[in-house]
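Q: So you can see what is in the structure, the chains are spelled out below.
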Amino acid sequence: MLAAVAAALMGLAIVFAFFVAPEDADQGISQRIFYFHVPIALTAYAAFGWGAFKGLLLLWRKEERYDLESYVAIHQGTIFGSLTLLTGSIWAKASWGHWWLWSENQLVLFLVLFLFYSAYFMLRFSIEEGPRRANISAVYALFGVVLIPVSFLAIRLAENIIHPTVFTRDGPQMSGIMFLTFCIAWVAMSVLAYALYRLELLGKRLDSNLRELREALS
Amino acid sequence: MSYLADVATLARKDLRLELRARDTLPAMLLFVVSTLVVFHFALPAGADEVAAQGLLWVALLFTALLGLARAWAPERESGALEGLVLAPCDRSAIWLGKAAAVFAFLAAVELVALPAFALFFGSVDAATIAGVALASVGICAVGTLLAAMAAASRTRELVLPLLFLPLAIPLVVGGVGASISPDSGRYLAFLALYDAIFSILCWASFEYVVSE
Amino acid sequence: MSQAEYVAAAYGVVFVALLVYVAIIAAKLARLERETAALAELARDRRADV
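Protein chains in written order, with my numbering: chain A, 1 to 218; chain B, 1 to 212; chain C, 1 to 50.
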């Protein structure tokens, strides 16, 4: 049911992004990438936050299920984060002619976060399964959400001392319809992410149940 | 007050162990000077002094990583970490004691590195020194906790740099900014903010990192 | 590449990522099906023995 809703919303978002929203005067058609790129980024932040929240619950309530929920959320966040980097890079190339821009703070922030959360997986898969791994993963997830604002601040501060900001961009001043399109895309992406999250959780729980069954039977 | 006494005891133990073994600190000292020399050869001819300031931070970060990789080695080798965790002291005291010891080592290294840097690359001003001091607090606080996480992993030495570097990026921004920007106060304040936020986070979460 | 092609590329990347995800889930479902079939057989044997 959830997947159907997600599919419908995504379809609606695409229709709006391409047909209903007017073309941006400054950037032309490449501005339409923004309708997906920013919702994907926001969804990634939400996924990381959700993962950290579940990690906190694990440390506090010590129920095993929170570990899996935290892991899946961070996994989703990393996937959406990679997509943010990819779509952002394409947008940069389309708008400014470069595949990468150090002046795009959001892109740089996601690069740092991508490195951070990739290390999460390296850490997690090098520790034996068990409560120790769950605790360490949860603490690391909490460090992640604290890092998000601190990194953002650092990147802002770095603007003045690293590369000169050659490309300036006015913040999206959206007309009514553009804003509506953006909101639809944002809701659609969030629902999609949640549907994928539930799907992955289901798969992982099935895996662990099967493993238990196998051990019980053989 | 016994909390601080525990911390002091733990830190003193580490310092005494190092004084006897004398393996980590000389290695860090040699490493930082060698790195600075490599940087001289790595900098192209026209590179200015400002570019060199950034390299100081690279040298410090990687020297710190060297020391952090060995930070929990005494506990690991003797199986003492389990014993410490069972001890009646507050678990966060273990972290604070260890971080204080690592800070002492790092400070000793910086006492050599900063003059060496000034010698090879040009002067080092007060803002740089303040930046190095503040950033070292962050490096030791976060690095000690991350090293404890890495100690639980199979791939210890491999995973610690991966965990450490993303978290170190804000420190580099703060430190380099303090060195080269006319408004160094802002960057020093940012470093202090990082130290405060992450120290509290480390202090609160360390017991979960070492317990089952 | 014209601007429109970049836009298509960006949306395309997202779409392809989704398809890859679906493919991974499908493969996982197939594997799970095989495993449950094997376990069902194990259970049948067990019951026959008892």
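Keep in mind the hints are simulated off the structure, nothing from the lab. Hints are supplied without guarantee of correctness; some may be wrong.
Stated by the list, open to error - With a straight-line Cα cutoff of 35 Å, these simulated DSBU-like cross-link-like pairs (lysine-lysine) come out:
1. 204/A with 13/B
2. 204/A with 62/A
3. 28/C with 62/A
Q: Each hint needs a verdict: does it hold in this structure or not?
A: Verification of the supplied hints:
1. 204/A with 13/B: Violated. Residue 204/A to residue 13/B sits at ~45 Å, over the 35 Å cutoff.
2. 204/A with 62/A: holds, 19 Å
3. 28/C with 62/A: holds, 29 Å
When the structure is compared with the earlier hints, a violation turns up for hint 1 alone.
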